[in-house]
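Peer 1: These protein sequence lines map, in sequence, to chains A and B.
Residues in the first sequence are numbered consecutively from 1, following this note's numbering.
Residues in the second sequence are numbered consecutively from 1, following this note's numbering.
Keep in mind the hints are simulated off the structure, nothing from the lab.
None of these values were measured; they are calculated from a predicted model.
Be a bit skeptical, because a hint or two may be false.
Unchecked claim - Label-pair restraints from in silico Cβ distances:
1. B:Ile54 with A:Asp26: 21 to 29 Å
2. A:Gln44 with B:Ser27: 16 to 24 Å
3. A:Lys70 with B:Glu59: 25 to 33 Å
4. A:Thr20 with B:Thr109: 31 to 39 Å
5. B:Gln64 with A:Ser74: 16 to 24 Å
6. A:Arg63 with B:Ser66: 41 to 49 Å
Unchecked claim - Below, computed lysine to aspartate or glutamate pairings styled on EDC-like, alpha-carbon distance capped at 16 Å:
7. A:Lys108 with B:Glu44
8. B:Lys42 with A:Glu10
9. A:Lys73 with A:Asp86
10. A:Lys73 with A:Asp26
11. A:Lys70 with A:Glu10
12. A:Lys55 with A:Glu29
Every residue, glycine too, gets a C-beta built ideally from N, C-alpha and C.
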Amino acid sequence: AQTVTQSQPEMSVQEAETVTLSCTYDTSENNYYLFWYKQPPSRQMILVIRQEAYKQQNATENRFSVNFQKAAKSFSLKISDSQLGDTAMYFCAFMNWASGNTPLVFGKGTRLSVIA
Amino acid sequence: EPEVTQTPSHQVTQMGQEVILRCVPISNHLYFYWYRQILGQKVEFLVSFYNNEISEKSEIFDDQFSVERPDGSNFTLKIRSTKLEDSAMYFCASQYPGGYTFGSGTRLTVV
Numbered sequence: 001a002q003t004v005t006q007s008q009p010e011m012s013v014q015e016a017e018t019v020t021l022s023c024t025y026d027t028s029e030n031n032y033y034l035f036w037y038k039q040p041p042s043r044q045m046i047l048v049i050r051q052e053a054y055k056q057q058n059a060t061e062n063r064f065s066v067n068f069q070k071a072a073k074s075f076s077l078k079i080s081d082s083q084l085g086d087t088a089m090y091f092c093a094f095m096n097w098a099s100g101n102t103p104l105v106f107g108k109g110t111r112l113s114v115i116a
Numbered sequence: 001e002p003e004v005t006q007t008p009s010h011q012v013t014q015m016g017q018e019v020i021l022r023c024v025p026i027s028n029h030l031y032f033y034w035y036r037q038i039l040g041q042k043v044e045f046l047v048s049f050y051n052n053e054i055s056e057k058s059e060i061f062d063d064q065f066s067v068e069r070p071d072g073s074n075f076t077l078k079i080r081s082t083k084l085e086d087s088a089m090y091f092c093a094s095q096y097p098g099g100y101t102f103g104s105g106t107r108l109t110v111v
């Protein structure tokens with residue numbers, strides 16, 4: 001079974017600074033997807049970024065980028081130019097690459113506070 | 001952009017009562033899911049549904065829970081006799097190749 005570990009329960013960052021959230025995972029699969037989801041106080045689940053395991057290039061979405069190290073099974077999220085609206089819980093998640101039923105496996109989350 | 005719609009957004013119920021949480025997934029998606037998030041904890045898989053039957057369920061999804069999609073659009077999660085520990089956010093999601101679309105969740109409070 002796959003597991004996802006987020007070792008930082010809480011982090012804080014000054015506005016406009018850069019912060020990196022860590023995620024490691026364990027799987028015997030070779031093809032899969034990794035995700036970062038943002039959960040603001042409204043508790044909605046918002047997709048931040050997605051990485052396909054077969055791609056060597058790290059995914060980037062505006063101020064958000066990942067450092068995907070497949071051999072090390074590491075998938076960290078970097079937020080550049082942090083904004084107050086980035087304050088939220090961030091969940092790392094794993095999804096097997098398969099057609100059909102593939103439940104997401106989530107980490108426990110990192111609570112990020114952006115300080116003015 | 002297509003959305004997954006969940007109703008109600010917040011439900012308060014007495015312990016022992018039955019509740020039905022509703023979801024309208026994206027129509028051309030094939031796999032639908034319910035996840036649960038107890039306050040302050042991680043998101044946990046409950047059940048997946050495909051072709052009008054359960055595809056997979058977790059240990060959490062015991063006999064108190066059931067799912068159905070009676071009319072081909074609404075996808076419901078029923079809890080027969082709620083317990084205090086059922087208080088949580090419940091998320092519906094539908095799956096497309098390579099990802100999910102989540103609903104905005106139903107906050108269930110059992111008192």
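Peer 1: Hint by hint, say whether it matches the structure.
Peer 2: Against the structure, the hints come out as follows:
{"no.": "1", "hint": "B:Ile54 with A:Asp26: 21 to 29 Å", "in the structure": "holds (27 Å)"}
{"no.": "2", "hint": "A:Gln44 with B:Ser27: 16 to 24 Å", "in the structure": "holds (21 Å)"}
{"no.": "3", "hint": "A:Lys70 with B:Glu59: 25 to 33 Å", "in the structure": "holds (30 Å)"}
{"no.": "4", "hint": "A:Thr20 with B:Thr109: 31 to 39 Å", "in the structure": "holds (36 Å)"}
{"no.": "5", "hint": "B:Gln64 with A:Ser74: 16 to 24 Å", "in the structure": "violated (38 Å)"}
{"no.": "6", "hint": "A:Arg63 with B:Ser66: 41 to 49 Å", "in the structure": "holds (43 Å)"}
{"no.": "7", "hint": "A:Lys108 with B:Glu44", "in the structure": "holds (10 Å)"}
{"no.": "8", "hint": "B:Lys42 with A:Glu10", "in the structure": "holds (14 Å)"}
{"no.": "9", "hint": "A:Lys73 with A:Asp86", "in the structure": "violated (25 Å)"}
{"no.": "10", "hint": "A:Lys73 with A:Asp26", "in the structure": "holds (7 Å)"}
{"no.": "11", "hint": "A:Lys70 with A:Glu10", "in the structure": "violated (25 Å)"}
{"no.": "12", "hint": "A:Lys55 with A:Glu29", "in the structure": "holds (15 Å)"}
Consistency note: the structure conflicts with the earlier hints numbered 5, 9 and 11.
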